[in-house]
Amino acid sequence: MAHKKKVKKYFVKIEPDECKGCERCVNACPKAVLKMGTDLNFMGFPFAYYVGAGCVGCAACFYNCPEPGAITILEESDDTDDSGKEEEEED
Amino acid sequence: MNNSTVHTNKLLLKGNEAVVYGALLAGCDCFFGYPITPASEIAHTAAEYFPKLGRVFLQAESETAAINMVLGASAAGRRVMTASSGLGISLKQEGVSYLAGSELPAVIVDIMRGGPGLGNIGPEQSDYNQVVKGGGHGNYKCVVVAPNSAQEMCDFAFWAFDLADKYLLPVYILTDGVVGQMLELVTLPEPIDRKPVPKWALDGKYNPRTNMITSIYLEHDDLEQRNIHLQEKYAEIMAKEQRAEEYLTDDAEIVITGHGIVSRLAQTAVDELREAGIKAGSLRPVTLFPFPVDSFKKVARTAKQFLCVEMSNGQMIDDVKLSIECSRPVHLLNRMGGNVPTVDSIVEKCRQLAGSGNSGKSKTRRGEKK
Amino acid sequence: MTETTEMKVKYGRPKGFFDIFERRPGAVKKNMHYCPGCGHGIVHKIIAESIADFDIQDRTIMIAPVGCSVFSYYYYDCFGISAPHGRAPAVATGLVRSNPDNIVISYQGDGDLGAIGFNNFIQAANRGENIAVFFVNNGIYGMTGGQMAPTTLPGQKTVTSPLGRSVTNEGYPLKVSEMVAALDAPIYVERVSLSSTKNIMKTRKAIRKAFQNTIDRKGFSMVEILAGCPTNMKFNSREMNEFIENQMQHYFPLGCFKDIADTRDPIKRPEGIYDKQKVKDILYPIKVAKGVSADFKNQSKIFQKERKIKIAGFGGQGVLSLGMMIATMGKLRNFNVTWLPSYGPEMRGGTANCTIITSREKVCSPIVDKLCNLLIVLNQPSMEKFLPELKQNGVLLYDSSTIAPPECGKDKIIYAVKASDIAKKIGSLRCANSVILGALSVVMKDYFLEGKDKKDFDRAFEEAIMDCFANKQNVIQMNIEAFYAGKEAVEGTLTNPHK
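Those sequence lines, one after another, are chains A, B and C.
Heads up: take any position in the first sequence, counting from 1, add 20, and you land on the working numbering.
Heads up: take any position in the second sequence, counting from 1, add 11, and you land on the working numbering.
Heads up: take any position in the third sequence, counting from 1, add 1, and you land on the working numbering.
In case anyone wonders, no lab produced these hints; they're calculated from the structure.
Ranges between beta-carbon positions, derived for each pair:
(1) B:D204 with C:D447: 50 to 58 Å
(2) C:C409 with B:D204: 56 to 64 Å
(3) B:D173 with C:Q248: 53 to 61 Å
Calculated lysine-lysine pairs in the DSBU-like style (CA-CA distance at most 35 Å, straight line):
(4) C:K206 with A:K33
(5) C:K453 with C:K363
(6) C:K306 with B:K21
(7) A:K51 with C:K16
(8) B:K144 with B:K177
(9) C:K281 with B:K21
(10) C:K298 with C:K371
(11) C:K203 with A:K28
(12) C:K9 with B:K216
(13) C:K235 with A:K33
(14) C:K413 with C:K453
(15) C:K16 with A:K28
(16) A:K33 with C:K31
(17) C:K16 with C:K176
(18) C:K235 with C:K30
(19) C:K291 with C:K281
(20) C:K363 with B:K332
(21) C:K371 with B:K315
(22) B:K290 with C:K363
(23) C:K386 with C:K425
(24) C:K473 with C:K281
(25) B:K63 with C:K363
(26) B:K244 with C:K30
(27) C:K199 with A:K29
(28) C:K277 with B:K21
(29) C:K371 with C:K302
(30) C:K446 with B:K21
(31) B:K21 with C:K473
(32) C:K31 with A:K29
(33) C:K363 with C:K277
(34) C:K203 with C:K259
(35) C:K302 with B:K290
(36) B:K210 with C:K277
(37) C:K291 with C:K363
(38) C:K206 with A:K29
(39) A:K28 with C:K31
(40) C:K288 with C:K425
Every residue gets a Cβ at the ideal spot worked out from N, C-alpha and C, and that includes glycine.
This is chain A alone, in the form it adopts within the complex (with noise of 0.2 Å):
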């Protein structure tokens, strides 16, 4: 097989229930990629969403987020390449 580098895709999942809108993600996102909705969760709280595409798995409102686990980062993994590089490059 050929050799391909593989481009990563990421996910950034928010649960609206766990947001509190305090838009520090949204500030955060250097691709701009979150936006606070109008919507209010079972708090009554505003919350942030994902437009969709744009992540690049920084981590950056991850860690910005107060929150335990209103977000999630999604790796899509590579099953289907050989597992002989691991993807370890953070920081």
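With the hints as your guide, set chains B and C onto chain A.
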């Protein structure tokens, strides 16, 4: 056996030293304290012997620090003690309230001195209210045992740790400067086997990390339940743990009562009074909480009057009156400021009371001196 | 877009948190109680991530302080404990000293650490306790409603500084990191901030470093974290970050103030000894004196009753140790004894006295205020004070080197010995008390001891002196010499003015 060293279990110890020997033999793991006269020999002795046994001695930066170090070590499931005198106990009260609220065992020694304020370093019994009645904020009590000899200072350390562990609360060993400073012959008991770490303790080697210790209950009903639980515990202690020492009370018409050093003066006074043909006896509360209500009730059935002797403004006398439901006159003989009542003054007071046939209403007012 | 590709969690709810916050009352079980945008949440998340990553949840104890983070035990999946306001470092000390395996986190706010608990904090730092302190500095009391903190900036308005903090009234903000870094013991002190992603990542690094130090038992680490309280400061999150960046960081410069973990060895604490025999070998005194059998009784008549002895002089004359020697002689001959000193400042230079009671029975009152059988007086003021307590036919023994013969009735038996002079002659004033005992030996033999007891007194003294000074051979020797010198000096020459 020329070269082999022979040990003896008998030695002369101050009360302050004896309580440390007792604690160590009772498996005490840690001592945290702050120097204060007349309790300092406790820290001196602990500083010498805890490290010799590889155990923890630390001079804290303050009384509040000491009691909170106690809280930490207790939460870790270790047998831990501290010691102080009235001024220091005042400062420790915050931590004692937390210990009580968090249901943590600990032993606190209070060698009472003169107050209020800086007072002096003479012996007094004026911490009775702040120690026996709770002392800090909240609906709590501590078990209080009141030794009157160096031997008891040693033995009660065992008892205090057992009570603390059994009921999960702070236990005071409360006595006065005389008992703390006095040297007497002590027979050392056998050491105990090391206690296992209790299952509620914060110790990952033995217990799950879900263990958590707090005294905060935000919901009013939860906190009320917590308080009810504590009161039930105190009721159980009241029912099971009262201890008193009676001396010639069976036919006594006048019963002298006092704790700590006073109880020994009372016995001498009883002997002198008996010699003079006056039917006197003495009743010594050994536990101050639980106050030995049952013994007082029993003795009140035959006694005509009580004389409460205190080195304070008259603090225990309230409990004496309550326990006998004021069914007999209770007189007060007290000294303050570091003075110890003389045996003569006790004898004289009893003579007066016996002579005046005063079995009816008490004319003695609270705070009145001999 | 998710239907075909498998996604895995790259960053998600840290494992150091409970999955569901069961301890938190109310309906909200996945969130913390903090206000929107609160700095505590960010720091909590980093800590929770760390304790899971370091695999130390089973031995980590998180101390919940008083302040907004008072409920932190709702959240962390590790051991938790509440501390009184400001006392977390003292509680931490107790936890880690009693069990050095514990990883103890003292999480504190600025009021808790910088105001009410500053002494506990700085002293724990100065002792180099092996704990990690995470100090959240948001410059305000959050939980109680926005009052001034020790770290509130000059001019900053709070509900208790409504006109702005005045440095002439409330002083300057407390620079905690700088103060801690100036101490010798702490190994790691860094101030970080939550004002930007970059700073948050530095905070994460600092917190993990503090954990590593604690795991390695290197000592005291502190991370001061400049954080926001948007609710009380009435800022949105952007304004909050700007305030931290432009105002707080200006006054509280970021950076590592100290990092010397590499230079320190891990802290070692001793293992406790609990083996019964070993405990006894250490605590039980070594028997030095031969003593007597358990049923031994001195036969002389004088020993049949309780005997009250008082010794008085000035502090430093050996008054208390003279009493101690007599008490020890009593112990070695199967008597019950009490020895009660006058204690306190008078021991340090003023007058000192002690009372000894020996008895075959239990001693009740240990106090001697009258009917004293033997009074030993070593200075003039004590003579005047205590002579009235001497019983009729009681014995007075005094140091005639310095004391004038007393004026008193013939119903007292009075002996004088130049104890200080003799002691000086044999080399030390400090053994004047043994000289006195030597003299006492002669008095006892001449008047009170019968049969075998006559010889036994000196032996009992020698045993007592060995018992009192078990390891000090030279002290024992000197006192024995003094005893016999005193004895020799007065033998046959004891003066009894009334005889």
